[in-house]
Amino acid sequence: EPEVTQTPSHQVTQMGQEVILRCVPISNHLYFYWYRQILGQKVEFLVSFYNNEISEKSEIFDDQFSVERPDGSNFTLKIRSTKLEDSAMYFCASSPLPSNTEAFFGQGTRLTVV
Amino acid sequence: GNSVTQMEGPVTLSEEAFLTINCTYTATGYPSLFWYVQYPGEGLQLLLKATKADDKGSNKGFEATYRKETTSFHLEKGSVQVSDSAVYFCALRSESSASKIIFGSGTRLSIRP
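For the protein sequence lines, the chains are A and B, in the order given.
Position one of the first sequence corresponds to residue 1 (the working numbering), numbered consecutively onward.
Position one of the second sequence corresponds to residue 1 (the working numbering), numbered consecutively onward.
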């Protein structure tokens with residue numbers, strides 16, 4: 001069964017460093033998303049991406065964040081200068097179309113900023 | 001704006017008990033509604049969905065009915081098992097903001113043997 005894969009599963013970084021979280025969405029999906037979850041709490045929307053541009057972003061997704069689809073398979077989230085409060089589980093998701101379809105989630109990357 | 005409100009947890013039940021987790025939503029038009037489940041240490045998995053009013057989504061013994069009149073999508077299961085212990089998230093995708101899914105705050109469910 002096709003699935004969304006994320007790497008690494010766990011990333012530890014020092015405050016102020018840049019991190020790139022990687023995702024391989026399901027191959028025939030067109031919409032991609034990043035969400036985060038702090039300490040098992042609410043799942044917060046960060047950004048959605050379609051046709052090589054951002055469709056929607058939340059207030060969390062400020063200038064420190066960026067997304068990219070560098071090739072036909074990968075989808076990345078970059079945090080330029082990490083802060084302690086960026087520590088969270090980051091989930092990538094994809095869906096065939098945005099309309100009324102569900103999103104399929106990866107297993108997540110746990111980011112720890114020290 | 002669009003939002004999802006679900007009952008706060010944690011919810012603790014004995015095995016074979018009846019489960020209800022309440023979920024209500026605010027959205028214009030006819031959103032699609034979902035229940036996702038997160039098992040310990042894992043990602044989010046779709047449990048069930050409903051895309052129009054009066055639809056019933058079902059999976060693994062869980063059910064939820066899309067009630068437009070009460071803007072609700074309550075999750076039910078007739079007899080829970082220890083393996084159902086997880087966090088359950090109600091979520092919606094609205095017509096007006098179709099490029100994202102909005103999640104409720106989650107309800108942690110623990111089942112005692």
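Source of the hints: derived by calculation from the structure; they are not laboratory data.
Only a predicted model underlies this, so the values are computations on that prediction, with no experimental measurement involved.
Don't be surprised by glycine CBs; every beta carbon is placed ideally from N, CA and C.
Keep in mind that the hints are not guaranteed to be accurate.
To be verified - Dumping the calculated BS3-like pairs for lysine-lysine here, alpha-carbon to alpha-carbon at most 25 Å:
id, chain 1, residue 1, chain 2, residue 2
1, A, Lys83, A, Lys57
2, A, Lys42, B, Lys60
3, A, Lys78, A, Lys57
4, B, Lys77, A, Lys42
5, A, Lys42, A, Lys57
6, B, Lys52, B, Lys77
What the hints assert, rightly or not - Far from chain B, by Cβ distances over 10 Å, these chain A residues were calculated:
id, residue
7, Gln11
8, Gln14
9, Met15
10, Gln41
11, Lys42
12, Val43
13, Glu44
14, Thr76
15, Lys83
16, Glu85
17, Thr101
Against the structure, the hints come out as follows:
{"no.": "1", "hint": "A:Lys83 / A:Lys57", "verdict": "holds, 19 Å"}
{"no.": "2", "hint": "A:Lys42 / B:Lys60", "verdict": "holds, 24 Å"}
{"no.": "3", "hint": "A:Lys78 / A:Lys57", "verdict": "holds, 14 Å"}
{"no.": "4", "hint": "B:Lys77 / A:Lys42", "verdict": "holds, 23 Å"}
{"no.": "5", "hint": "A:Lys42 / A:Lys57", "verdict": "holds, 17 Å"}
{"no.": "6", "hint": "B:Lys52 / B:Lys77", "verdict": "holds, 21 Å"}
{"no.": "7", "hint": "Gln11", "verdict": "holds, 16 Å"}
{"no.": "8", "hint": "Gln14", "verdict": "holds, 25 Å"}
{"no.": "9", "hint": "Met15", "verdict": "holds, 26 Å"}
{"no.": "10", "hint": "Gln41", "verdict": "violated, 7 Å"}
{"no.": "11", "hint": "Lys42", "verdict": "violated, 5 Å"}
{"no.": "12", "hint": "Val43", "verdict": "violated, 4 Å"}
{"no.": "13", "hint": "Glu44", "verdict": "violated, 8 Å"}
{"no.": "14", "hint": "Thr76", "verdict": "holds, 18 Å"}
{"no.": "15", "hint": "Lys83", "verdict": "holds, 23 Å"}
{"no.": "16", "hint": "Glu85", "verdict": "holds, 19 Å"}
{"no.": "17", "hint": "Thr101", "verdict": "violated, 8 Å"}
Of the numbered hints given earlier, the model fails hints 10, 11, 12, 13 and 17; all others are met.
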